[in-house]
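A.B. asks: Sequence:
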Amino acid sequence: MSVDINDLKTGLYFIRITTQTDIKIKKLLVL
159 MSVDINDLKT
169 GLYFIRITTQ
179 TDIKIKKLLV
189 L
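Residue numbers 159 to 189, in our numbering, belong to the letters of the sequence shown in order.
Everything labelled a hint here was simulated from the structure, so no lab data went into it.
Nothing false has been slipped in among the hints.
Computed Cβ-Cβ distance ranges for the label pairs, DEER-style:
1. T168 <-> L189: 30 to 36 Å
2. V188 <-> S160: 38 to 44 Å
3. L189 <-> S160: 41 to 47 Å
4. I181 <-> S160: 29 to 35 Å
5. L189 <-> D162: 38 to 44 Å
6. K184 <-> N164: 29 to 35 Å
7. N164 <-> K185: 27 to 33 Å
8. K182 <-> V161: 29 to 35 Å
9. I183 <-> D162: 29 to 35 Å
Simulated pairs of lysine to any residue, SDA-like, Cα-Cα distance not exceeding 20 Å:
10. K182 <-> L170
11. K185 <-> I175
12. K184 <-> I173
13. K184 <-> R174
14. K167 <-> T177
15. K182 <-> F172
16. K167 <-> Q178
17. K185 <-> R174
18. K185 <-> I173
19. K184 <-> F172
20. K167 <-> T179
21. K182 <-> Y171
Cβ atoms here follow ideal geometry from the backbone N, Cα and C, with glycine treated the same way.
Just need the whole structure built from these sequences, with the hints factored in.
C.D. replies: As structure tokens, this is what we get:
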């Protein structure tokens, strides 16, 4: 169970980083 929860946390963290980078790239493209 602990491993599954950790995998979910790392997955959400990775998604959060990718969304932040996507937003930054979009802002740069707009500018």
